[in-house]
Each structure stands twice: as structure tokens, then as C-alpha cells.
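Every letter in the sequence shown is one number past the one before it in our numbering, and letter 350, counting from 1, is 350.
Hints were generated in silico from the structure; no laboratory data involved. Every residue gets a Cβ at the ideal spot worked out from N, C-alpha and C, and that includes glycine. One or more hints might be untrue.
Said to hold, decoys possible - In silico lysine-lysine, PhoX-like type, Cα no more than 20 Å apart, as pairs:
| id | residue 1 | residue 2 |
| --- | --- | --- |
| 1 | Lys424 | Lys492 |
| 2 | Lys465 | Lys492 |
| 3 | Lys465 | Lys424 |
| 4 | Lys465 | Lys452 |
| 5 | Lys452 | Lys492 |
As the list claims (entries may be wrong) - Just the calculated beta-carbon pair ranges, DEER-fashion:
| id | residue 1 | residue 2 | range |
| --- | --- | --- | --- |
| 6 | Val238 | Arg313 | 29 to 35 Å |
| 7 | Ala485 | Leu441 | 36 to 42 Å |
| 8 | Pro481 | Leu38 | 56 to 62 Å |
| 9 | Arg313 | Ser74 | 48 to 54 Å |
| 10 | Gln423 | Val308 | 54 to 60 Å |
| 11 | Leu441 | Arg314 | 52 to 58 Å |
| 12 | Gln253 | Ala485 | 27 to 33 Å |
| 13 | Gly415 | Ala482 | 27 to 33 Å |
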Amino acid sequence: MSTSGWRGSCSSGSGNLTIDRSVLKRSSHDRHEDREWLIPLALGLLALGLRLPGLDTGLWNDEIAAIIQSFRTSFPANLSEFRGDNKHPLYALLAHASLVMFGETAWAIRLPSLLFGVASVPMLYWLARPLVGRREAISAALLLAVSYHHVWFSQSARGYSALLFFALLTTHQLLGMLRRSDRRAAIAFAICIALGTYAHLTFVFFVFTQFVVALVALAWPARGTVRPDWRLVLLPFVVGGIISAALHYPMLQPMLDYFTQPSDQTEVSSPAWAVAEGIRVLRAGFGDAFGLAVVALAIAAPIGLAGVITWFRRDRDVALIIVLAPLAIIAGAALGRGTMYPRFFFVLGGFFVLLVVRGAFATGAWLAQWPKGASDDARTTRGERLAMAAVGVLILASLASLPREWSVPKQDFEGPLAMVQQQKAPGDQVAVADVTAAVYLLYYRLPWTRVKTVADFDALRQQGKVWFIYTFPRYLDLYDPALAAHVDADCKEQAVFPATLGGGEVIVCTMDAIAPAT
1 MSTSGWRGSC SSGSGNLTID RSVLKRSSHD RHEDREWLIP LALGLLALGL
51 RLPGLDTGLW NDEIAAIIQS FRTSFPANLS EFRGDNKHPL YALLAHASLV
101 MFGETAWAIR LPSLLFGVAS VPMLYWLARP LVGRREAISA ALLLAVSYHH
151 VWFSQSARGY SALLFFALLT THQLLGMLRR SDRRAAIAFA ICIALGTYAH
201 LTFVFFVFTQ FVVALVALAW PARGTVRPDW RLVLLPFVVG GIISAALHYP
251 MLQPMLDYFT QPSDQTEVSS PAWAVAEGIR VLRAGFGDAF GLAVVALAIA
301 APIGLAGVIT WFRRDRDVAL IIVLAPLAII AGAALGRGTM YPRFFFVLGG
351 FFVLLVVRGA FATGAWLAQW PKGASDDART TRGERLAMAA VGVLILASLA
401 SLPREWSVPK QDFEGPLAMV QQQKAPGDQV AVADVTAAVY LLYYRLPWTR
451 VKTVADFDAL RQQGKVWFIY TFPRYLDLYD PALAAHVDAD CKEQAVFPAT
501 LGGGEVIVCT MDAIAPAT
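Input sequences plus hints: build the corresponding full structure.
In C-alpha cells form, the structure reads like this:
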């Protein structure tokens with residue numbers, strides 16, 4: 001007797017049933033494939049669970065400015081208004097819709113960022129799965145899911161988590177165009193690069209990198225691939241550019257007016273500051289503990305280098321994106337308004353994770369060669385365990401930083417407000433300047449006094465004791481060096497309200513009253 005997949009035989013007094021193991025393996029493989037969707041679902045749920053705590057903490061300066069300038073603005077007006085680079089057009093439309101539906105709360109205006117952030121975790125898995133296999137793809141997505149920096153931007157009402165999502169999605173589509181001549185991927189690619197640039201103009205630098213990768217693929221197809229149809233590869237860039245231009249056209253003139261003006265932030269947002277701030281941000285991502293950060297970075301640096309090498313061996317197109325995209329962003333920012341912020345590189349967060357994880361597995365495989373004499377299977381298992389251990393250290397280090405992200409506001413403007421209102425005596429004056437002036441006078445609509453010069457301070461002090469609230473001391477120094485020096489010398493610090501935003505601590509100090517001038 002025999003049926004498909006089974007072989008049976010009977011002999012005198014005994015029976016033997018032989019199972020076709022290849023069929024069982026195929027059956028097991030099919031079951032794994034059928035349940036494949038459970039992996040990105042679980043990763044997405046994990047990402048959501050790590051991003052809900054702290055979602056409703058105090059708003060920071062750029063979020064408040066965006067509420068005033070664009071989130072409260074009606075849908076038609078949002079399409080045409082551009083008051084500066086704090087306007088992220090796509091996010092402004094989504095945040096306005098969320099605000100209308102759920103009210104003007106912190107969690108409501110951050111909801112679009114949360115959704116993009118959560119979606120980018122399974123998107124990284126889908127991008128990595130055919131490139132490096134299930135185990136590495138899960139490791140990369142897990143590392144992104146627990147990333148302090150990714151959680152931070154997923155809880156910020158800005159367009160950066162959307163940038164990361166579109167970077168991963170468009171790269172997935174680009175590879176479909178190059179490898180499979182996928183027409184649907186080409187159409188989706190054109191639409192998504194337009195949406196990415198509408199989320200933030202710096203996405204243009206990433207699209208330029210993808211364009212270079214496409215040209216390289218056309219001129220020198222990667223080993224094992226055929227030259228793609230040039231029309232299917234290049235036309236989506238043209239169509240995407242046209243769609244992007246159409247989206248930006250209603251606000252084109254104010255955009256040109258803004259970007260043709262020199263930036264007043266070049267002194268405080270210089271490349272040197274960006275490097276120092278980048279180091280601080282990396283430390284914060286490992287619990288802000290210097291020793292833990294050193295250990296984590298000591299692990300990440302060499303395996304990152306190994307990752308670059310092995311990515312070129314494994315997938316040239318992805319490797320080119322990893323190497324060229326940071327250079328394009330640096331050059332674009334330098335040739336643009338000359339300012340540099342570490343957040344410009346957040347768009348590459350998924351690729352940095354892929355780099356580190358690939359390097360961990362490559363390093364583990366290299367170390368597993370010793371001791372000699374072990375079987376291939378044993379070396380493979382040992383290498384994977386070493387890689388998982390290294391990734392595990394990075395995951396634990398990042399997890400250590402999350403409690404502070406959940407409990408400490410990005411910037412605390414409500415704490416100083418409550419303190420001053422509770423402690424100031426009748427006749428005391430309250431002064432604000434620069435950033436805090438916009439926050440407390442325009443957003444909270446308080447009857448406090450904006451000071452611009454030392455003379456303004458002295459005039460207030462003649463009326464009584466002065467409570468002064470300020471933040472970003474380096475910005476205050478740029479705003480008016482004499483005013484900043486006056487505050488440093490004469491204002492007695494009463495409280496410092498911590499922030500996860502670099503330099504965003506809000507400081508409350510007081511100046512005693514002086515006699516009126518005669």
C-alpha cells in the first residue's frame with residue numbers, strides 16, 4: 001500500500017512504515033510560511049507597547065511651535081503655508097486631522113508619529129527577511145523596536161519617524177524594481193518618494209542616494225542579477241519628482257523665500273556641535289551611563305565595520321545606500337542652509353541597525369572558526385549564538401534607557417509654570433525670553449513680560465523681584481550675549497527641570513528688585 005508522501009510495506013509477521021522525510025520538511029516549511037505574518041505582527045505589538053508609556057508627557061519647543069503655526073491651521077491653509085523648516089507638510093495635515101478628531105492633547109498630535117514608528121519595525125523585517133534570512137531580520141527589527149532613539153522620535157510630533165518608514169519602504173520597492181522588474185513596486189515607489197519628500201525635504205538626499213544606486217545597477221548589474229529595464233527603473237524617479245513638485249507647489253514661493261535666506265542658526269548648529277550632540281545622544285540611548293555606553297559602542301564599532309564589508313559581499317545595492325546616504329545628507333545640509341542636526345540622520349536608523357546586526361553575525365561566524373576540528377553545523381550554531389549574545393547586549397543596553405524616556409518630558413514647560421505661579425509673591429514680575437517667550441506668551445497665553453535686553457530686565461526689577469524662565473542657554477547667548485551674561489552673573493538659580501532633549505532643560509532663576517532710577 002502506498003499513498004503520496006508515505007511508503008509502507010508488510011512482511012511475514014511484521015510491518016514497516018517508512019516516512020518520506022522530504023515531504024515532512026516541505027510540510028513544516030509550508031506551515032512556517034503560513035505563519036510568517038505572525039512575526040511582523042508580534043514585532044509591531046512589541047513596538048507599540050514600548051511607545052505608549054510617556055506618549056502624553058509635556059510637549060517640547062518644536063512641537064509647540066508646530067501646534068501654533070500649522071497643527072491648528074485648517075486643511076486648505078496647511079497646503080499653502082510655509083513658515084519655516086519647522087513645517088513638516090505631511091505631518092501637519094495628519095496632526096491637524098488627529099487634533100480635530102481627538103482634541104489638542106499631547107498624545108493626539110503625536111499619534112501619526114507613533115503609527116509611523118510602530119509600522120517601521122515590521123517594515124524593517126520585511127526589507128531584511130529576503131536579504132539576510134529570518135533570524136537576522138528578527139534581530140534587526142527587535143533592536144529597532146527597543147531603540148531609545150526610535151522610541152523618542154516615535155513620541156515626537158514631527159515627521160522624522162515617517163522619514164524612516166518611507167526610507168525602508170522605498171528601498172524595498174527599489175529592490176523590487178531592480179531585481180524583479182516589478183511594475184507595481186515601481187508605481188508604489190514613485191508615490192512613496194513623493195510622500196517622503198512631503199514629510200520632510202531632507203528626504204531628497206536619501207532619494208538622490210537611491211538614484212545613484214539605480215544608475216549603478218543599470219551600468220553594472222550586481223553579480224547574479226540581470227540588467228533591469230531602464231525605463232522601469234528611471235521613470236519612477238521622474239514621476240515621483242513631478243508628484244512631489246505638485247504637492248509643494250502651493251507653498252513654493254514662501255519656501256523659496258525661506259531657503260534663499262541665510263540661517264541664523266549656523267553658529268549653534270555647526271558640524272562640530274552636531275558631532276558632540278551625536279555622542280550625547282548615543283550615550284542617552286544606552287541609559288546615559290558612560291560605562292554602559294562605552295561597552296555598547298565598543299561592541300557596535302567593530303561589528304559595524306564588519307557589517308560594511310559583509311554587506312558589500314551580500315548585497316551591493318543595500319551596501320551602497322548604507323555608505324552613500326550619510327555622505328549625501330552631510331553634503332546636502334552643508335550646501336543648503338549650512339546647519340547640521342543629528343536628527344537629519346534618523347532616516348537611516350533602520351540601515352544602521354541592519355549594519356550592526358549583519359556585522360554581529362559575520363563576526364560571530366569568524367570567531368566560531370576556533371577551536372579547529374568542529375563540524376560545520378557546530379561552527380554555524382556557535383557563530384549564531386555569539387551574534388545573538390552581542391545583539392542581546394545592545395538590546396539590554398537600550399532597554400535600560402527607556403524608563404527615563406517614559407518618565408522625563410522631552411522638555412518641561414509645565415513644571416516651571418506651576419512652580420512660579422505657586423511661589424511668586426504679589427508684586428513679583430515674571431520674565432521670559434527667546435524660546436520661552438513664544439511658549440508662554442503664544443501657547444499658554446500668559447500675561448508675562450518678554451525681555452530682549454538688559455535694560456528690559458532692569459526696568460522690570462524696578463517694579464519688584466523678577467522670576468526668569470529660560471531654556472537653551474546657547475540660543476540665549478546667540479540671541480543677545482549681553483543678556484545671557486547678565487543672567488549668568490545676577491540671576492539666582494532656583495530650579496532646573498530635566499529634559500530628554502539635548503540642552504532643553506528649563507531653568508528658573510530670580511533677580512532681586514532694585515531701586516528705581518532717579
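Evaluation of the provided hints:
Restraint check: the Cα-Cα separation between Lys424 and Lys492 comes to about 14 Å, which is no more than 20 Å; the hinted pair holds. The hinted pair formed by Lys465 and Lys492 meets the criterion: a straight-line CA distance of about 11 Å does not exceed 20 Å. Of the supplied pair hints, the one linking Lys465 and Lys424 holds, its CA atoms being roughly 9 Å apart against a limit of 20 Å. Simply put, Lys465 and Lys452 have alpha-carbon atoms about 18 Å apart, close enough for the 20 Å limit, and the pair holds.
Proximity of Lys452 to Lys492 is assessed by CA-CA distance (about 19 Å); at most 20 Å being required, the pair is judged to hold. Between Val238 and Arg313 the Cβ separation comes to about 32 Å, which falls inside the hinted range of 29 to 35 Å. At roughly 24 Å, the beta carbons of Ala485 and Leu441 sit outside the given window of 36 to 42 Å. Look at Pro481 against Leu38: about 59 Å separates their beta carbons, and that is inside 56 to 62 Å.
Taking the beta carbon of each, Arg313 and Ser74 are about 53 Å apart, inside 48 to 54 Å as hinted. A C-beta distance of roughly 55 Å is found between Gln423 and Val308, which places it inside the suggested range of 54 to 60 Å. Taking 52 to 58 Å as the suggested C-beta distance range, the pair Leu441 and Arg314 conforms, at roughly 55 Å. In this structure the supplied range 27 to 33 Å is violated for Gln253 paired with Ala485, their Cβ-Cβ distance being about 40 Å.
Separation of Gly415 from Ala482 is about 28 Å and conforms to the stated range, judged on CB atoms against 27 to 33 Å.
Of the numbered hints listed earlier, those contradicted by the structure are 7 and 12.
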